[in-house]
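Line order of the protein sequences matches chains W and B.
Numbered per this note's numbering, the first sequence spans residues 1 to 125.
Numbered per this note's numbering, the second sequence spans residues 1001 to 1390.
Certain hints may be false.
Estimated spans, in silico, between C-beta atoms of each pair [said to hold, decoys possible]:
id, chain 1, residue 1, chain 2, residue 2, range
1, W, Ala3, B, Gln1115, 34 to 42 angstroms
2, W, Lys120, B, Ser1128, 21 to 29 angstroms
3, W, Thr98, B, Lys1136, 41 to 49 angstroms
4, W, Arg13, B, Glu1172, 57 to 65 angstroms
5, W, Gly109, B, Gln1125, 40 to 48 angstroms
6, B, Ser1128, W, Ser29, 21 to 29 angstroms
7, B, Ala1363, W, Arg13, 20 to 28 angstroms
What the simulated footprint calls covered on chain B by chain W, stretch by stretch (three residues with Cβ under 8 angstroms from a Cβ of chain W suffice, anywhere in the stretch; the number is not a length) [what the hints assert, rightly or not]:
id, segment
8, 1009-1018
9, 1213-1221
It should be emphasised that the hints constitute simulated quantities derived from the structure, not laboratory data.
Because the structure is a prediction, the values reported are computed rather than measured.
Glycine included, each C-beta is placed from N, C-alpha and C at the ideal position.
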Amino acid sequence: MSAYSAAVADYFRCPVRELGSGIRGEAGSDQRGAFIMLGADVCDGILRNVGFRAFACPHIIAACNRAAEQLEGAPAEALLEISLDDLRRQFEIPVEKTGKLLILQDAAGACYADYQTRYKASGLA
Amino acid sequence: MTHIPYLDYAATTPLDPRVRDRMLECMDQTAGFGNPSSVTHEYGARAAEVVERAAADVATLINAQPAELVWTSGATESDNLAIIGAAQFRQMRGKHIVTTAIEHKAVLASCEWLQSQGFAVTYVQPDSNGVVDPAKVAEAVQPETTLVSVMHANNETGAIQDIAAMGALCRERDILLHVDAAQSLGKLPLDVRAQHIDLLSLNAHKACGPKGVGALFLNHERVSRITPQLHGGGQQRGIRPGTFAVHQIAGMGETARLLGAEMASEVEQVTALRERLWAGIRDLPGVILNGDAERRLCSIVNVSVADVEGESLRFALADLAVASGSACNSASGEPSYVLRSLGRTDRLVEASVRFSLGRFTTAADVDEAIARFRAAVELLRALAPVDRAS
């Protein structure tokens, strides 16, 4: 019996996404049990090549893949709107992994901060 | 259903059909079902013959006498009986035991129980390849030492210990040597005389025999008695009372007979498969062999994978029947203490995989395992943030 749903399996086994190098955000550590790096290119304020790298369990890898899929083609501000509740429901992520899921949110926040630094502040957005 | 190659022979093995047939012979109403202790009638006599034949087959395999064997329920019971029974019986001579940090839990838990009863135990550490230096065992021995317990081959790494050297040093000091041979039976030559073994734990189910049966060898030249751990009807000289499980014993006897006839060719076959497996994965970045590359069982390849998360690795390998060193793979809920004692970090222990092969493993199974393992490692390493800051 697997502890993971079919949705987790699907998203876990997705081909590795290209990792845009325009903006980058990282969060997590060994102590927190996961490390996530999010990256994307930004064109006219729109996210392209949204990808991630993760040292994490299958639930979190699946959630990263889903979030990257949703962010592709969205405005950069969407980095601040990732719904952890939706991801938790979709992948039946156990409550004890909430801390690891928050790392995804932190990485997205760091990515948006990088976007602000690189693009908005310089008027390139 | 997807075919899942079975590469977990170190946990247990499929029953050989020839062993099953021998057991079934003892389970019908015409032969063998009797109680071997009921020697006054034909049914009991027939069952006694079955038990005697099985004892002869097991004894032949290890160069013992049939009367030196005590039947048990498996290696865990044999370990308990040997260690606790010998330590208690010899406690007037001393209450110190030497063992190693990488023994099976059945040995470690028996030693811990003795510690709770006032015995002292020294745990000798292996080297970084999982091999215990006999000189370190010699250093650990004290005047009060009555027993040394060392496994022949490790169940996780397959590392093989120099039992003959340890046996010789124990003889010089009049200390009993107990050896857990649960993993090595049928894979390594066992000669209790040449290796100076006084107590030897055996089981059948790691060698394509039935679960639920084992044996303890007691060297009658050195061990007159041990303290029983069960109390009952006096069977087996009172050392291990209880009605003989005739069909189980017959199965273990047949297992031993087959090993005696086929061990050399089987070891050759399994060694070739192990090398095929290792050759198929060793070039993957981050793959580290756990255990000694040379002094290890023909059947085991244990690896850790750097920069890969353990839970994801196990999930990615769900279509392979293998074992891991992770906490959640263990009944104790603890990560592998064996791999930790080799100096592996917790992260490498969590991302470890033990492949163990055996009699019915095929080249196709191995090739499938190579392909699935490579795909899993390549996926997870591609996802790994290896250039991360922390």
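**Report entry** Outcome of range test on Cβ distance (W:Ala3, B:Gln1115; 34 to 42 angstroms)
**Finding:** Once the Cβ atoms are compared, 37 angstroms apart, the range 34 to 42 angstroms for B:Gln1115 and W:Ala3 holds.
Query - 41 to 49 angstroms as the expected CB spacing between B:Lys1136 and W:Thr98, which holds or is violated - result: holds, 47 angstroms
Requested in this report: Please test the hint of 21 to 29 angstroms on the beta carbon pair from W:Lys120 and B:Ser1128.
Outcome: violated, 53 angstroms
Query - CB-CB spacing for B:Gln1125 and W:Gly109 relative to the 40 to 48 angstroms hint - result: holds, 46 angstroms
Query raised in the report: Taking the CB of W:Arg13 and the CB of B:Glu1172, does the distance hold inside 57 to 65 angstroms?
Result: holds, 59 angstroms
Query - Coverage criterion applied to the segment 1009-1018 of chain B (partner chain W; beta-carbon cut 8 angstroms; 3 residues) - result: violated (count 0)
Report task. Go ahead and decide if the range 20 to 28 angstroms is satisfied by the Cβ distance of B:Ala1363 to W:Arg13. Result -> holds, 26 angstroms
Query raised in the report: Is 21 to 29 angstroms right for how far apart the beta carbons of B:Ser1128 and W:Ser29 are?
Result: Cβ of B:Ser1128 to Cβ of W:Ser29: about 27 angstroms, so the range 21 to 29 angstroms holds.
Requested in this report: Mind taking a look at whether chain W covers the segment 1213-1221 of chain B? Criterion is 3 or more residues with CB to CB distance under 8 angstroms.
Outcome: Our answer is that it is violated, as 0 residues pass the Cβ test (under 8 angstroms) against chain W, missing three.
In terms of the numbered hints stated before, the structure departs from hints 2, 8, 9, listed from lowest to highest.
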